[in-house]
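Got chain A sorted already, so can you dock chain B onto it with the hints?
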Amino acid sequence: AQSVTQLGSHVSVSEGALVLLRCNYSSSVPPYLFWYVQYPNQGLQLLLKYTSAATLVKGINGFEAEFKKSETSFHLTKPSAHMSDAAEYFCAVSDGNYQLIWGAGTKLIIKP
Amino acid sequence: EAGVTQFPSHSVIEKGQTVTLRCDPISGHDNLYWYRRVMGKEIKFLLHFVKESKQDESGMPNNRFLAERTGGTYSTLKVQPAELEDSGVYFCASSFTAGGYETQYFGPGTRLLVL
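Which chain is which? The protein sequence lines are A and B, in order. So for the first sequence, this note's numbering puts the first residue at 1; every next one is plus one. So for the second sequence, this note's numbering puts the first residue at 113; every next one is plus one.
Do not take every clue at face value.
[Claimed, not checked] Where chain A lies over chain B, by a calculated footprint (3+ residues, C-beta under 8 Å): (1) 148-156; (2) 166-173; (3) 188-196.
[Unchecked claim] Partial chain B-side listing against chain A, Cβ under 10 Å, derived: (4) V116; (5) Q118; (6) N143; (7) Y145; (8) V162; (9) F203; (10) Y213.
Rather than coming from a laboratory, the hints here were simulated on the basis of the structure. These numbers come from a predicted model, not from an experiment. Positions of the beta carbon are idealized from the N, C-alpha and C atoms, including for glycine.
If we strip away everything but chain A, and leave its shape as in the complex, we get (with noise of 0.2 Å):
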């Protein structure tokens, strides 16, 4: 059964440092894997998707997110975090048979 596991249910960073949310999943095949983001009171967004082509994929509003097989990882990076990042992110995998396994979520905040 795939599984998908987010450390920490809040991270905290300044403004202008480099944001870092951690997402390890279990899966028996070859996974595709998602990250979308939920802003206050809106819906959520796709930031950036892994579907077995390049293991660093580039995301909106300059995230990015490297697949790595070895260590079962999908950890989702920004180098510099902007007030307007404030928000909950989920890491999401799937297997191809169109149903997402969500981790628990996010939430970063940004420090002035």
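Same frame as chain A, now just chain B:
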């Protein structure tokens, strides 16, 4: 192009009442999904329609939940009778089948509170 829309945005009902949630997918998307996030927990898959057919309803919690997709367009999710544990955010998503894995586009969610 309009995104996925959901109605209502919020619903507060009493235990035992019936609530119907509606989802309008992106025009032309044949796949429609329902997910739910109970407070403090992860988002969970409920079911998947391909056009008007239920492709996978393995996530439906029990027979108090009924989903339909009339004519392969909009979908409704009815909860009857509602229980306290049904409170949460219900998300709808849609995607277009074009070979390979297609991105699911999400609506803003319906926040359901059962008192």
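For this session: Could you tell me which of the hints above the structure violates, numbers in ascending order?
Result: Hint 3 contradicted; others consistent.
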